[in-house]
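Trainee: First to last, the protein sequences are chains A and B.
If you count the first sequence from 1, position 592 lands on 592 in the numbering used here, and the numbers rise without skipping.
If you count the second sequence from 1, position 47 lands on 47 in the numbering used here, and the numbers rise without skipping.
Careful: at least some of the hints might be erroneous.
To be verified - For each label pair, taking beta carbons as the anchor points, the in silico distance ranges come out as:
1. Phe176(A) <-> Pro114(B): 39 to 47 Å
2. Gly64(B) <-> Ile400(A): 27 to 35 Å
3. Gln68(B) <-> Phe350(A): 51 to 59 Å
4. Asp115(B) <-> Phe176(A): 40 to 48 Å
5. Asn36(B) <-> Gly391(A): 19 to 27 Å
6. Gln68(B) <-> Ile451(A): 27 to 35 Å
Source of the hints: derived by calculation from the structure; they are not laboratory data.
Each residue gets a CB set at the ideal place from its N, CA and C atoms; glycine is no exception.
Okay, here's what each chain looks like letter by letter:
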Amino acid sequence: MISKILSPEFGHFTLALACCLAGAQFIVPLMGAKVKNNRLMALASPLAWGQFMALTLAFACLITAAVTDDFSVLNILQNSAADKPLLYKITGVWGNHEGSILLWAFILALFGAIVSAYSHHLPLSLRAKVIAIMGGSAAGFELFCLTTSNPFLRVWPAPLDGQGMNPLLQDPGLAFHPPILYMGYVGFAVPFAFAVAALLEGKVDAAWGRWVRPWTVLAWALLTCGIALGSWWSYYVLGWGGYWFWDPVENASLLPWLTGTALLHSALVVEKREALKIWTILLAIGTFSLSLSGTFLVRSGILNSVHAFASDPARGVFILLLLAAISGGALLLFAWRAPNLTSTGIFTFFSREGSIVLNNILLCTMAAVVLTGTLYPPFVQLINGQTLSVGKPFFDNALIPIALFLFLVMAIGPVIAFKKGNIQQTFKTLSIAAGLSIICTIIAFIYLHQIFPSLATGLSIWVILSACSDFIRHIAFFKTSLGNSVKRMIGLPRAFYASYLAHIGVAITILGIVGMAASQQKIVEVPINTTIHLAGYDWTLTNIEDRQGANFIATEAVIKISKNGKVVTWMFPARHYFDRQKQVVTDVAIHTNFISDLYAVLGDSKNSTQSTPLFVLRLHYNPLAPWIWMGGFIMAIGGFITLTDRRFRIGTPAQRKKVKEA
Amino acid sequence: MQDITRRRLLWSIPFATAAVAGGGFLAMLSGLRKGNFDPREINIPVINKPIPPFSLIGQPPSAGFNQQELQRQTKPILINFFASWCIPCLTEMGVLQQLSSHIDIWGIAYKDKPDAVSGFLERNGNPYQKIGQDPEGNIGIEWGLSGVPESFLIMPGGIIKWHYPKPLSVASTQILLSLLQ
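Isolated chain A (complex conformation):
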């Protein structure tokens, strides 16, 4: 019944309708602003809602087609099959090019609707312009979807069954990684729209900084989650034992994260001091442009990546044109209008603002390094035909020193006062943390014998301890009665807790990365009932059994893990054979105690002529590995907590009060 109403044709129609509404959402409010017609400007919000609802229907139509196994739809035929589990029928909708572009447009429309719902306190003309810019970007993507990537195309005659989905994508991690990552990418469209609207208005002030910050934080937190999920997926699904491969597509997600992190901080300076305005606008434009160009690089096929989407130069040209219109247009406007923006705030170098400037310089340098490493190979090939690849050695050598310096600054920055910091006061707050961190660095060096990992360990502890010291100073712990401290603790704005958490999250991730560098692994080919010793554990292969899965056949190994004769756990690494795709997917077994991971992969067993068959096992001991993603999620939680801060919940008017000193 429902599939009759939500037919692919209806989906196609609502997609086209959404595109028209988005076009209107772009043009009408801007025209209204031009002729100063309030009624035209007020149309922005209903148009954004209309576009969102039309796209929701279009998206629902595609999901309906997927769930009801409508193989007359080309996209479903190519990516689904009747025996695929229901969850993957739904998530498979965005596991391919056409569907993922529709998802992208849907999220953009969703953000447009949310912005119009939460922007009543904005001046009418700024609000109209922000929503219009969101509409313009959405219209471009919907046009792209309609013209070159239509997910609703039909085939005739309709086959009985589909071709199935890549088994690697049939995993819960990958079900949620793309939507959250896209929400991060697309979320940066809001600061972008605010930046362009501010350029059109010709005015950037403290209020603008306060309006744009929650959207930046939201996008940043979602992007952080998305990247962490993707990295986690590659760790436990691909079974290579790694978590980051400096693949161009991974770099494409890291770039907006780095500039977005810079934006998050520089917008704070705009809010507090009305300074760094031009720079903040540029960062907002740049971050969304980098999100968009990431999509372009992946979908056009000009970068050699493991994330293979069906690449098509025709689509590439369209996205490049879209990119030229959105980013090129914004940058041109920026060049014309930005020089008129003037900063009123002043601050000395040793101040919170000064430390944020340094943070921005370092983060943008890191982004420049990643961008260079990613784009160098295709540009060299374009210019002189030479092929090369840039990998881990380059990124490690170039990024680690900058990152270490950033961690040094990151711990001090939040302790310094705004406008003009007090060196003695800062030193007093941090002296214990500094002393302890130096001791930790020395201890780490004794164990690790390497400079950079020991420094990274020491600096991570430095970041954590300085956050704790700052917290102790704010609640005047030890200095006043316990009750008073608790009162101060409750009274401390949530933004403080958010920044502590985010910074501690970074430190935890870095500790995880350092720990992972000390991982141990062994590849063995053994018969059943063999014990392997690795990292103080005894890994005994006790059995190998076959079993039937949902749409695959599993070969499962049973490994008993014991330490000093006591059984710790049982692990079941397996290989899943998907008959439809004739593809084998490894099912990694991971046992974690949150300090380290035991990681086992069952390899391919050769047809051995011996009487006792041999099985290949790859065993890893990964110290601190879970911290890598835990840190990421802690950072994101920090971001979400900021959003609940009083300053953002209650639209307090712009005020130029002195920042209170504790």
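Following the hints, complete the assembly by docking chain B onto the known chain A.
Mentor: Here is chain B on its own, set in the frame of chain A:
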């Protein structure tokens, strides 16, 4: 020049940078269409170039070798990068065995452990006269390696005459042998 013009020029730099990048992307896309730009292609211009400076420790019982020793040779040498963990390397071992009666082959064990290499050679035969170890893959970077296996034909004096970035096949060895005539 007026101050505002100067500031506008300064703030056009982001646009100019983006425009250059966009132009490059457009050229790549048209190259993709015409077929003269392939990001997956491997084309390392090493032919007729001298071998890079390098020095390798040996895989016991073989001694190591270095740039000077390779340059001093009076007959052609085939340098073959391989690894025990590499399946295509396994498939090329038969071809290498046959080839070893025509030319001296020096192997470089890429990102590998000595034990694993000895096991690999025990199981599949040893076509190499000498074997050096490149445990970190740094020598591979010097040579412009794109992966394993990869073979380089070195003429006396240390000039790279031929390069094959894939497992050697019977057909490709024909080309190699014709170069030796």
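Trainee: Indicate, hint by hint, whether the structure satisfies it.
Mentor: Here is what the structure says about each hint:
no., hint, verdict
1, Phe176(A) <-> Pro114(B): 39 to 47 Å, "holds, 44 Å"
2, Gly64(B) <-> Ile400(A): 27 to 35 Å, "holds, 30 Å"
3, Gln68(B) <-> Phe350(A): 51 to 59 Å, "holds, 56 Å"
4, Asp115(B) <-> Phe176(A): 40 to 48 Å, "holds, 42 Å"
5, Asn36(B) <-> Gly391(A): 19 to 27 Å, "holds, 25 Å"
6, Gln68(B) <-> Ile451(A): 27 to 35 Å, "holds, 32 Å"
In this structure, none of the earlier numbered hints is contradicted; all agree with it.
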